[in-house]
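Undergrad: Position chains B, C and D against the provided structure of chain A, taking the given hints into account.
Protein chains: 4
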Amino acid sequence: MARQGLKAPTGRIRLGMVGGGEGAFIGGVHRMAARLDDRYEFVAGALSSTPEKAKRSGEALGLKPERSYDDFAAMAKREARLSNGIEAVSIVTPNHVHAAAAMAFLKAGIHVICDKPLTTTLKDALRLKKLADESGLVFMVTHNYSGYPMVRQARAMVAAGEIGEVRVVQVEYAQDWLTEKLEDSGQKQADWRVDPARSGAGGCVGDIGTHAHHLAGFVTGLGVAELCAELTTFVPGRRLDDNVQILLRYENGARGMLWASQVAPGNENALKLRVYGSKGGLEWRQEHPNQLVFTPLGKPVQTLSRGMGYVDGAASRVTRIPSGHPEGYLEAFATLYSEAAEAIEAARSGGKPDKAVMFPGVDDGVAGVAFIEAAVKSSAKGAAWVKLGGG
Amino acid sequence: MARQGLKAPTGRIRLGMVGGGEGAFIGGVHRMAARLDDRYEFVAGALSSTPEKAKRSGEALGLKPERSYDDFAAMAKREARLSNGIEAVSIVTPNHVHAAAAMAFLKAGIHVICDKPLTTTLKDALRLKKLADESGLVFMVTHNYSGYPMVRQARAMVAAGEIGEVRVVQVEYAQDWLTEKLEDSGQKQADWRVDPARSGAGGCVGDIGTHAHHLAGFVTGLGVAELCAELTTFVPGRRLDDNVQILLRYENGARGMLWASQVAPGNENALKLRVYGSKGGLEWRQEHPNQLVFTPLGKPVQTLSRGMGYVDGAASRVTRIPSGHPEGYLEAFATLYSEAAEAIEAARSGGKPDKAVMFPGVDDGVAGVAFIEAAVKSSAKGAAWVKLGGG
Amino acid sequence: MARQGLKAPTGRIRLGMVGGGEGAFIGGVHRMAARLDDRYEFVAGALSSTPEKAKRSGEALGLKPERSYDDFAAMAKREARLSNGIEAVSIVTPNHVHAAAAMAFLKAGIHVICDKPLTTTLKDALRLKKLADESGLVFMVTHNYSGYPMVRQARAMVAAGEIGEVRVVQVEYAQDWLTEKLEDSGQKQADWRVDPARSGAGGCVGDIGTHAHHLAGFVTGLGVAELCAELTTFVPGRRLDDNVQILLRYENGARGMLWASQVAPGNENALKLRVYGSKGGLEWRQEHPNQLVFTPLGKPVQTLSRGMGYVDGAASRVTRIPSGHPEGYLEAFATLYSEAAEAIEAARSGGKPDKAVMFPGVDDGVAGVAFIEAAVKSSAKGAAWVKLGGG
Amino acid sequence: MARQGLKAPTGRIRLGMVGGGEGAFIGGVHRMAARLDDRYEFVAGALSSTPEKAKRSGEALGLKPERSYDDFAAMAKREARLSNGIEAVSIVTPNHVHAAAAMAFLKAGIHVICDKPLTTTLKDALRLKKLADESGLVFMVTHNYSGYPMVRQARAMVAAGEIGEVRVVQVEYAQDWLTEKLEDSGQKQADWRVDPARSGAGGCVGDIGTHAHHLAGFVTGLGVAELCAELTTFVPGRRLDDNVQILLRYENGARGMLWASQVAPGNENALKLRVYGSKGGLEWRQEHPNQLVFTPLGKPVQTLSRGMGYVDGAASRVTRIPSGHPEGYLEAFATLYSEAAEAIEAARSGGKPDKAVMFPGVDDGVAGVAFIEAAVKSSAKGAAWVKLGGG
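Chains A, B, C and D are the protein sequences, given in the same order.
First residue of the first sequence? That's 1 in full-length UniProt numbering, and the numbers climb one at a time after it.
First residue of the second sequence? That's 1 in full-length UniProt numbering, and the numbers climb one at a time after it.
First residue of the third sequence? That's 1 in full-length UniProt numbering, and the numbers climb one at a time after it.
First residue of the fourth sequence? That's 1 in full-length UniProt numbering, and the numbers climb one at a time after it.
I should point out that these hints are in silico values taken from the structure, not numbers from a laboratory.
Note that the coordinates shown come from a computational prediction; the quantities given were computed from them, not determined experimentally.
By construction, the Cβ of each residue, glycine as well, lies at the ideal position given by its N, Cα and C atoms.
Among the hints, erroneous ones may be present.
[What the hints assert, rightly or not] Among the chain A residues that face chain C by a calculated CB cut under 8 Å, a handful are: (1) F294; (2) P296; (3) K299; (4) P300; (5) T303; (6) L304; (7) G309.
[What the hints assert, rightly or not] Covered by chain C, per the in silico footprint, the following chain B stretches (three or more residues, Cβ under 8 Å): (8) 32-40; (9) 72-85; (10) 286-292; (11) 317-329.
[Claimed, not checked] Lysine to aspartate or glutamate pairs mimicking DMTMM-like chemistry, simulated, CA-CA at most 20 Å apart: (12) C:K381 / D:E226; (13) A:K352 / A:D133; (14) A:K299 / C:E162; (15) A:K299 / C:E283; (16) B:K299 / A:D133; (17) C:K64 / B:E41; (18) C:K299 / A:D133; (19) B:K299 / D:E162; (20) B:K299 / D:D312; (21) B:K272 / B:E287; (22) C:K279 / D:E180.
Okay, chain A solo, but in the shape it has when bound (with noise of 0.2 Å):
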């Protein structure tokens, strides 16, 4: 349990953020996790590009004056230039953003934490992944799912072959928020996921269908080759999917499906992966996310629990502590940061982490928007098959 112990925190990693302002979601989140293993230090924001919100956002949260912007691209130049200016950037906003703060900080020099969808268009992925290349620097996107011990022990159960050729993938991402028309009652979170504008061409899809597409290719290892999308839109009125459903097909001739819904009445955030082959099968859910099932074909179910002796290295080494007291969403969040954290202390001395050390980098933030863009065609055109574009 590598995070839990003495491990010394010398010279913590002066973070900045983009976004995650009052009223922000997944701002907190990203703070919270920052904090968690003592990696980071938050010193700088543009928290909001309302001058006043950012002001009252970076003054609450103990940001010194003077480090709290309302542009991200006056941060990014200004934050270089400083001694003691940021080292990375976690970049929360909503998704149009994305893309032209991801490069202001590439090219200030500056390391990047960016929310997923990586952007809203393939092009715009594009290019942002060939400065992100070119930059040599520390590009991550925040799939977060891929923090929790034991998807890192299900990727590391199907590489070592315990379930044979994988053939068939079943994930699901349910949700129920947006059951009713929640936008319309002016909540932040609805309001700019249902608006293209802010948004992307994809709702759901890109939401979350991207969080159940990146952790199904993440353990399996494999991509997806075509697929033929129904992305549906129940409640009246709304602009983008709230529902979809995708037939999957995978490089090596695996079949998928793909469920995505943020209008399923009691599910909460129940994202869910399985996946058979020749040998046996593996489930996990993100709601208890502590086990994961192996099913060895025609013996006993097995569950297995993190933290426990037997599981895989990669797994144990993102674990803080005993088995039985469960770690959360918060916990494989903080992963990710501290995984980074790995590679940005590696890059500080010109070196490259540990193997161990595992993030989404920007091609997994290509192949998400890829995969949206597939989708979204796909629907329009009746639900038909569609090859996926990308890398």
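TA: What follows is chains B, C and D alone, placed relative to chain A:
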């Protein structure tokens, strides 16, 4: 709990069986189901088309030698002439025999209980339906999962509007027994199920996909208008599909996904239905059939339990024992037999059974075959959208 | 799956019943259980001690008038003389009748299947045991939970040393149906169970505590040496205990806790056993009886499922249908009836049943009554430690 | 979700720590908990009583050398004199050090956060209570499970009468890590916990039995009047109890059972509480802490989920992220730290925290020690009934 009590079993229904001899599985289930509520007396059979086997099986089951046949046509003819001849027959053969056998008994004026899928072609199904409709005889197709009390509870709740307008249907039936090439071992169940000549054009889709399709329709009251089906054969050398992934468009605009698989390790008979509407959701799992999960939007998740005072009359009338004492697969199967008994007993006196009596009929059988044909056709076109034929 | 198949039911056992008329619950269960595997024929009864009710019940169940009695003593005498008289009798009356009825039939040379608790006093139980032992007749006490396949699996695993030396037993049986004063409503089941004259000195402890006690003993093979029992009556005005909490000291030094309650809202028939040894643990729940959880120390939790290839022969020989198709309470009850049938059939020819045949006998019945007496005595002393009498 | 947001962390509380150096477990937990909500700054420590180890641990954690002590008494004295000295101290040593350390810091005017059990004797606990009460300082005992939102939800529901009058309490805390003689391996956690000199007279009963005892009291609001405890040592050669079975009599007449075990294979940190009243029941499990099961008599079982709109304010004010995104052990621990922070911040200005603030205090610590002493005494008398001392 109407079934447990003192209801007079006056005049058990004389029952025959076609198929279900040595090595068969489902025949024994039908016999136990017929026996549980004491409404039937098993008196004749053409238990195998192999004379020696038919004879041995008849003896083993206590049939009188003269009531043990090796030819269903001869059986239908002779039983029709006997003063104590069978009143009903159960047809539990491989699929390709269903149509001819059912027609023979209908023509002989004998009520029919037929396993699913009804026939191997839609054309046959429609011919059979015509005959059944004209005959006025009772015709039950054993989509047995509709015999579970909590499935009936779900149907009643949807009908009562408790989940609002149905939007999303997620149904699946996963097994693992064909993960390896069991048919090569000579195992009888596997053998005929993967043989197009005996099973029909659908493998997994016909064997268990039809159960999933029927269950969703039974609970929601909705028909499928179009589907897009990806049928896959994962086990090398197998001649029929062993994994089925389908997008569904329901007549009311609801959207569905159906997954059926016989190559998903760790799944025994994992039939599971989830239905989401504008006001709530329902979830039911065959492997734990005494519970029904109801998720009214924004309220605590409710788990309803068979036998409790709050369950709908439609569920409590087909329940035998108190809540917490699990009823299982045989009880649900027995319920269908008892429902058919109600209809057969009513027919004895030229009447109709009580309105509460409910069992899948020939129309359900036709719908199942139409579903198979559409799925096979869609898949043959590379998983294109196909409208459902039939009724 | 020996029970499903073609086993010849040649010569069904002629069965009678004492009790189980109108308004009774358990009589119907016994009849369905006797019917499921087709080893019995129900031909005579003293279904009630009220003549009119006995008559009506007999008619409703299709008994011939001359085989429908209102007095078990007369029934025993007459049936013993008939050439086609009953070979076995099921005694399903309130507890206070068990002893006299069982003795009457034993004396008449008729095999006995008796509900639990065996008698209302240990003295009676020991007298009955003496008579049963001397008679050489089959005597089964329906501690029915021992008929569940996965309970037998648990027993086999403990016996095989898979959990090492047993150290800790946690067993409980919780219900909620007596949370309010149901007996005041005239409900028949509640009425006699809370009446010391008919139920005996124990209320909840006798009604369901004995099931928990037997289950733990059946699985572990261990006897209770001493106990310390707190019997409580929570519902004002009730005459017998409705909540039972007991510390147990087993003969081998293991320690146990037993909780039985009929006033625990949300519990239907929540019988649950957990056993922990030096190498592993086992957990079984009656409400989901097809699974058994096995926890080998330091390894993933295993969930074993009835019907799978890896289950012990002791479990698979009493299984009817494939895994994933749940068997329930009636099937387990039916298994006891079929086990008794094996013994009765063997007795017909002067032999013994196969060694694998297993059912609770008169010794188990005596142990149950000794348990009740010790618990009542302990509680009367303010929950002091008391040694178990009996055997 | 008050904790997630923009609450100003103005002036973090300066925190010190006694214990928690190399090889310790709970020290790291306290530090993460203190960090999560950004209310504390960790600035001083006596992390070990071994000078070299204290030094190394302090360096590893980034303490300034002059704030890293090897003697808590010296630390208390010096920190009290510093202008930027610590305002609060966390005492996370083995049990035998708690009393002296807590007294030293109280005398130095420093707020105390102390691990449980409070002390190794009731006499010490009462002396400490006296000092704490007189000091007016904040004193928190980390019965950390009371920090879980759904535990607070349960408490609020009991207080609101939703389950009626409490009748039955079933509480348990099972682990398996001491099933074998781990202490012989030199494992630090095991080593001191089974040593009476460092752990006190109770082993398992003190280590985890106290958590179960506190949880039940916290939720029900009831105190234990008498108990009858069977403490057992199953592992040969172990010096303290490793399995605990207790009957409880609550002050209001409710009856309880408490099971704690460290030798129950398959149990990780299986703390579970069930409470039944005259109108309903509640069930909560630490291993899946975001759900609370509520069983109103005669109605469907309800599963309440942390973060949903219907939860009580007492639960939602200590929640950080939306429902369905699990919070775990560290979050609950962090909640206690933030609750203490509220009290410490209020004390800075001579005030009291908001009434909603809630954390276990010195009285809870005394009650825990009284519970241990009574259990040890009862067991020594052969499991006789003993009244609880203390307050």
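Undergrad: Go through the numbered hints given earlier and state which of them the structure violates, listing their numbers in rising order.
TA: Of the numbered hints given earlier, those the structure breaks are 2, 9, 16 and 18, listed in rising order.
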